[in-house]
Amino acid sequence: MQEEFDVAIVGAGPAGISASHILAGKGIKTIVFERGEYPGAKNISGGVLYGHDLAGIIPGFIEKGCPVERNIVESRLWYLSRDGGYSLSFMDNAFRDRLSFNAFTVGRAKFDRWFAEEAKKKGALVACGTVVTDLLRDADNRVIGVGTDRPDGNVQAKVVLLADGINSLLAAKTGFRSEPKPSDIALAVKEVIEISEDMINERFNVDPGQGTTIEIVGEITGGMDGIAVIYTNKKTLSLCIGANLSDFMKNKIKPYEMLEAFKAHPMVAPLIKGGQSKEYMAHWIAEGGYNAIPQLCGDGYLIAGDSAMLFNALHREGSNMAITSGRYAANAILEAFDKGDFSRNGLKGYSERLQSSYIMKDLKKYRRFNSFRLHHHELFTLFPKLSGFAAREMLTVDGVSKKDKQRAIWKKMKEEFSIFKMLRVVWGGIRSVK
Amino acid sequence: MSVNIEDKLFLDRFHVNEEPHIRIVDNVKCMDKCEDQPCLYFCPANVYRLEKDHIVAAYEGCLECGSCRIGCPHLNIEWKFPVGGYGVSHRFG
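Sequence lines, in order, name chains A and B.
According to my numbering, the residues represented by the first sequence are 1 to 434, in order.
According to my numbering, the residues represented by the second sequence are 435 to 527, in order.
Don't read these hints as lab results, they were simulated from the structure.
Don't take each hint at face value.
Here are the simulated DSS-like cross-link-like pairs (lysine-lysine), alpha carbons at most 25 Å apart as the crow flies [stated by the list, open to error]:
(1) Lys181(A) <-> Lys467(B)
(2) Lys181(A) <-> Lys486(B)
(3) Lys411(A) <-> Lys467(B)
(4) Lys250(A) <-> Lys364(A)
So these bits of chain A aren't anywhere near chain B, every CB distance computed over 10 Å [stated by the list, open to error]:
(5) Glu37
(6) Ser45
(7) Cys66
(8) Ser75
(9) Leu125
(10) Gly129
(11) Leu169
(12) Pro180
(13) Pro182
(14) Ala282
(15) Asn345
(16) Ala390
(17) Lys421
Think of the CB as a built atom: it goes at the ideal place given N, C-alpha and C, for glycine as much as any other residue.
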């Protein structure tokens with residue numbers, strides 16, 4: 001006999017756990033399937049999470065033991081040439097008190113496990129070490145449960161929530177979301193490097209418990225459309241670097257070699273000096289944006305979080321969208337139970353909530369950003385090189401007049417790139433995010 | 435810059451299943467039809483290695499990103515999730 005649940009959720013990440021927390025809290029019989037040996041075993045993010053969205057699931061999450069690494073008080077942007085680069089940073093005391101835990105770093109292996117434990121307290125069942133291999137359907141093709149890789153592993157459910165992440169085999173297999181195109185995906189690698197808590201405080205100029213994020217673009221990605229980050233954790237640093245998969249396919253660059261070169265960059269090396277590598281991981285980032293979002297629900301199912309490609313590449317927001325989309329999915333499922341209607345129409349409250357929220361509004365706003373970057377590789381090659389050259393020239397005191405220096409800089413710039421083209425890039429860039 | 439990937443993978447915890455979760459469908463295609471063989475480069479775990487006249491998949495150190503599945507120009511790689519509980523297990527994440 002098959003076991004029967006009200007709701008089956010695929011994936012114990014932020015989206016799935018958020019939904020299970022709400023559903024179980026309302027007495028809905030909910031099971032979450034996780035393919036890893038524990039929640040978080042397969043999960044990675046750069047490491048920044050946002051308090052606003054998490055509080056929507058667990059108000060007072062700090063008091064409830066949320067495993068925060070550091071509260072982010074300062075955000076830096078770096079634009080790097082090979083030998084150095086520009087740094088822009090913003091710090092605000094409000095992020096220490098009034099806006100504390102607006103953004104904070106986590107390690108997902110710890111966070112996801114804690115989050116899942118909270119959902120279990122509400123009554124959700126979390127089944128780890130179980131791969132959902134297929135969806136069960138009735139004669140009318142409505143989703144009525146999941147098939148797993150456990151013996152007798154079919155589980156019936158009135159609704160299935162797909163929250164199985166960006167690398168979702170299930171979505172591809174069932175046709176709910178086609179396989180992503182390489183250009184819709186960034187491949188990122190991450191290394192966690194341990195230095196001492198005190199050294200992080202000193203090197204990043206922060207008080208204990210407070211932290212910094214650094215977002216980095218430039219020549220570090222070998223000419224590919226990519227980004228790197230350095231995030232502070234309690235006593236470790238998260239270093240990530242990635243690039244669009246279609247660029248990786250063309251450029252024959254090995255991700256781990258790019259990571260090592262990044263670690264050796266003159267602005268990075270002093271921050272990690274003396275550190276010890278603790279873990280090395282790889283993951284996809286959804287870069288397709290608004291245009292890559294699949295149909296969000298159908299008869300008997302919904303898709304949330306990364307599996308629905310909900311990711312804002314410009315603002316490195318993803319896990320917050322996962323949490324909030326999981327919450328919206330749960331709200332829509334509750335409505336469906338009230339109505340007794342689990343069809344696409346009965347679940348449409350999910351798409352409606354997403355459409356009117358910051359999630360779809362932001363993704364729509366930035367829908368051209370991905371293709372803009374992919375069409376302008378000079379942002380990762382020529383521009384950082386030239387801007388580095390210009391600053392170095394102006395700062396070198398060698399008896400040459402500033403006017404002559406400016407002239408030499410303009411000459412070099414015009415040799416490499418026409419002013420018209422440059423204006424077009426700037427205009428295209430503004431248009432892609434306005 | 436030459437990097438020893440084994441040193442990096444050594445940091446990770448793997449539960450290796452005897453049953454591979456990766457299969458190259460048709461190695462002849464890799465050798466005869468695939469000029470660039472990008473899998474030899476973009477795989478972050480260096481799973482794909484060229485041996486004399488064929489490509490092997492060292493699935494044991496796979497980091498489960500999925501890139502090979504969609505990045506193989508001939509879609510010649512069959513990539514499934516490892517059986518539940520197997521594969522890489524992040525300690526920090």
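Do the hints match the structure? See the list:
no.	hint	verdict
1	Lys181(A) <-> Lys467(B)	holds, 21 Å
2	Lys181(A) <-> Lys486(B)	violated, 31 Å
3	Lys411(A) <-> Lys467(B)	violated, 46 Å
4	Lys250(A) <-> Lys364(A)	violated, 29 Å
5	Glu37	violated, 5 Å
6	Ser45	violated, 8 Å
7	Cys66	holds, 15 Å
8	Ser75	holds, 22 Å
9	Leu125	holds, 15 Å
10	Gly129	violated, 3 Å
11	Leu169	violated, 6 Å
12	Pro180	violated, 6 Å
13	Pro182	violated, 6 Å
14	Ala282	violated, 4 Å
15	Asn345	holds, 32 Å
16	Ala390	holds, 27 Å
17	Lys421	holds, 29 Å
Consistency note: the structure conflicts with the earlier hints numbered 2, 3, 4, 5, 6, 10, 11, 12, 13 and 14.
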